[in-house]
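Asks: Go ahead and model the full structure; you've got the sequences and the hints to work with.
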Amino acid sequence: MDIKKEQNGTTLTMALSGRLDTVAAVDFEKELNASLDGVESLIFDCAELTYVASSGLRSFLMVQKRMNKQGKMVMRHVQDAVMEVLTMTGFDDLLQIEK
Amino acid sequence: MKLDIRRRMLLLALSGSILSFLALGLIIFFGVMSARDTVAERGRLLGASASNFVESFAEDQARRRLSAHVGEKARHIERELEHTRRDAEEIAQTMKLILAEKEKYLPRALPDPHTETVASGEPYLNMSRAVAAGGVDEEMRRTMGISGNIVDSLSPRSRFYTGVFVGSKDGWLIAADVTPDGGPAKFSEKFLDSYDPREMNWYKLAAAAGKTVFTELYTDTNGNRCITCATPFYDEGGFAGVVGVDCNAEEIYQQTADLEAFGKTSVKFVLSKNGEILFSTQKEGPLAVTDVPRDLRTSEEQSLALEASAMAAGKNDVSLVTIGGQQVYLAYAPMESLGWSFGSVISQEEVTYPARYARDNIQGQMKEFSEDFRSLLQQLTGVGVALLLLALVAIVSLSVKASSHFVRPILSLTEGVNDIAQGNLDRKLDLRTGDEIERLAECVNAMTGNLKTHIENLARVTADKERIKAELSVAQRIQAGMLPSVSPDFSGQTAFDLDAGMNPAKEVGGDFYDFYMLDENRLAVTVADVSGKGVPAALFMVVAKTMLQNSALAAKEGENLADVVARANDAISKNNDQMMFVTVFFGVLDLRTGVFDYVNAGHNPPLATSGGGPFAYLAVAGKPDKPLGVMEGLSFRQQSLTLAAGDALFFYTDGVTEAADEKAELYGEERLKAVLNREAAAMPSMKELIAAVRQDISAYVGEAEQSDDITMMGLRYLSAETK
Chain A
1 MDIKKEQNGT
11 TLTMALSGRL
21 DTVAAVDFEK
31 ELNASLDGVE
41 SLIFDCAELT
51 YVASSGLRSF
61 LMVQKRMNKQ
71 GKMVMRHVQD
81 AVMEVLTMTG
91 FDDLLQIEK
Chain B
100 MKLDIRRRML
110 LLALSGSILS
120 FLALGLIIFF
130 GVMSARDTVA
140 ERGRLLGASA
150 SNFVESFAED
160 QARRRLSAHV
170 GEKARHIERE
180 LEHTRRDAEE
190 IAQTMKLILA
200 EKEKYLPRAL
210 PDPHTETVAS
220 GEPYLNMSRA
230 VAAGGVDEEM
240 RRTMGISGNI
250 VDSLSPRSRF
260 YTGVFVGSKD
270 GWLIAADVTP
280 DGGPAKFSEK
290 FLDSYDPREM
300 NWYKLAAAAG
310 KTVFTELYTD
320 TNGNRCITCA
330 TPFYDEGGFA
340 GVVGVDCNAE
350 EIYQQTADLE
360 AFGKTSVKFV
370 LSKNGEILFS
380 TQKEGPLAVT
390 DVPRDLRTSE
400 EQSLALEASA
410 MAAGKNDVSL
420 VTIGGQQVYL
430 AYAPMESLGW
440 SFGSVISQEE
450 VTYPARYARD
460 NIQGQMKEFS
470 EDFRSLLQQL
480 TGVGVALLLL
490 ALVAIVSLSV
500 KASSHFVRPI
510 LSLTEGVNDI
520 AQGNLDRKLD
530 LRTGDEIERL
540 AECVNAMTGN
550 LKTHIENLAR
560 VTADKERIKA
570 ELSVAQRIQA
580 GMLPSVSPDF
590 SGQTAFDLDA
600 GMNPAKEVGG
610 DFYDFYMLDE
620 NRLAVTVADV
630 SGKGVPAALF
640 MVVAKTMLQN
650 SALAAKEGEN
660 LADVVARAND
670 AISKNNDQMM
680 FVTVFFGVLD
690 LRTGVFDYVN
700 AGHNPPLATS
710 GGGPFAYLAV
720 AGKPDKPLGV
730 MEGLSFRQQS
740 LTLAAGDALF
750 FYTDGVTEAA
760 DEKAELYGEE
770 RLKAVLNREA
780 AAMPSMKELI
790 AAVRQDISAY
800 VGEAEQSDDI
810 TMMGLRYLSA
820 ETK
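For the record, the sequence lines run as chains A and B.
The first sequence begins at 1 in the numbering used here and counts up by one.
The second sequence begins at 100 in the numbering used here and counts up by one.
Calculated directly from the structure, the hints in this document are not laboratory data.
Do not rely on the hints blindly, as some may be mistaken.
[As the list claims (entries may be wrong)] Short derived list, chain A residues pointing at chain B, Cβ under 10 angstroms: (1) S54; (2) S59; (3) T89; (4) G90; (5) D92; (6) L94; (7) Q96.
[As the list claims (entries may be wrong)] DSSO-like cross-link-like pairs, simulated, lysine-lysine; straight-line CA separation at most 27 angstroms: (8) A:K30 / B:K722; (9) A:K69 / B:K673; (10) B:K722 / A:K65.
Here a beta-carbon is modelled for each residue, glycine too, at the ideal position from N, C-alpha and C.
Replies: This is the structure:
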């Protein structure tokens, strides 16, 4: 999975592409832990994100929990296949998703 | 093959040394050659300049000697003539005294040569007939008699004297003649009769001069070449006559000439003030005395004529003149009293002989020196070449030793490294060369040490891995043991057919299934999938399974399943900092009625077949429930369906549909439904069905690595059963 970051003040945009599987989730969490200090608005651009494993869901859940304390987190341009997973697991309620 | 280090070092040392030696040798060789040339040139110049100096010095000395020689000769003759002058003047003085005091003397009779025999040297008195005829008065006679007393003074005082005489103004002559043979004097009558001193040249010269004079050279009656010293004497009446002394000039000259022979080729001569050669040791030639007088100043030899003029003019010199085509030295010195000049001629050859001798000697010595020097240089060169060869031999042997010495540590190093390469990591290289090789050895030691540590670490890590692997293997068995098995619990069971299996992607997995009887009529089934894989998932799976089972077993009959799941969720969500969660399909089948109540907490729906129809997914009514562990206080929905005998349900986790082949293509729901429907027609047991699906997945995946846990469970309701 590739992550492209773009910081604009306290707004951090992360463009995710590829598969967020168990292995990728470890790196994804590391990346998030290193990037989120002082960020008040976190935006995931999921246009290129093709697959999210349960580990990835967990990662999103963790970052959502953290961002609930210091600002907000939004997922944008989520593909249908990913959305299906989110819906099936009910995560669409837990995560803020913009179409 | 390339040269090894030892040979290369040897080559380097040798070539360096030899080049240095060659350069040094060339420098020395050219230095020596240059020194030789310089010495030869300097020697030649020195020889030339020294010989020139000696030549000119010798020539100068010769000229000085020549000059001194002729001066001495001239002075010698002058001295002799000076004696003669004094003798003559003394006689004149005596005559004056006698004549001044005539009364003190008695007349003295002297022999008359006309009549008497006169011995050699014996004084006599002569008067010519003309004088006698003129009359001899008393006074004259008396004067003659008194004058006879002079005879005591007339004895010849020198052997050069041939006659001493007194000529009176009255015409008489008192004389003492020395005969050549010592016998009696022989006078011719005519001579005695005609001889009048007053007519004589010497008399006239002295009378005219009034002082002592020397006559020109003349030949006397005896054939002697003579000069006469004449001086006037006086009485009270004035001029009274002339005293004369005849000198054999030839004798004087001969004596002087014999005094010291100067050179073999020398010619000595006396030149008159008229340029006439008076005496000469040369009998024939330009310097010989000739019968007919000639003037040397007009000689055809021009350089000789020039010097003759200087001689006649009374000068003193040494000159180089040409006589008969030969270069000769002419030295001359004046005899002032006579106006003569004494000359001496000596060949240039003889004069410069010492100079040439000296020059030749010096040149010979220089040549000798040069040859000695050359041979010395040759010897030195020979010795140098020999030393060079010796040094080369020494260098070669030293270089061989030195290169061996240098290479020894390298060989030792190589041997040590080979030993280490063979696996002897305890080997320590001990090289104390103090240079790069020692540092290299230290590096090798350090490397060996690191290698050893690394290998030990590797061994330990490997051991750790093995241990972990073993532990995981145990954990796998434990996990497997936590999952229930159909037999022996449900052996003999007729109300339903149940089978399940879980294949973890790693040793332990996050999926699990579970089934147990809540009471004799109700069967609870669970299929769950924990987020993530491996040990964390396995641990969380234990928690989830335990909590869910606890909650289910704690439920009262008739309690809504949603509450059971919600209770389990609250327990799981507590202290779940890692945000682990688990999707759960939890259902309870009432064996009596076939009613199947279930809660789907975020899990994928199962496939169901009813009335022999194809398998189809259970439709999800409304919004699905969330997985357990996400947060506390979630609520769930219980759903329900009723199974007829023979109806079946197939539960699974997404490891099935998301199993990927080598091209990362997913297995998918359609393939799953296809294999299920294909198998379903034969009404297989659940065990067979699951095996068939596993087989199909395995065939599809091929060699691709299993990426997720695969869990399947099949449940067929057979018949209502009452106990």
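Asks: Hints first: check each against the structure and report whether it holds.
Replies: Cross-check of the supplied hints:
no. : hint           : in the structure
1   : S54            : 4 angstroms, holds
2   : S59            : 8 angstroms, holds
3   : T89            : 4 angstroms, holds
4   : G90            : 4 angstroms, holds
5   : D92            : 8 angstroms, holds
6   : L94            : 6 angstroms, holds
7   : Q96            : 15 angstroms, violated
8   : A:K30 / B:K722 : 32 angstroms, violated
9   : A:K69 / B:K673 : 19 angstroms, holds
10  : B:K722 / A:K65 : 22 angstroms, holds
Consistency note: the structure conflicts with the earlier hints numbered 7 and 8.
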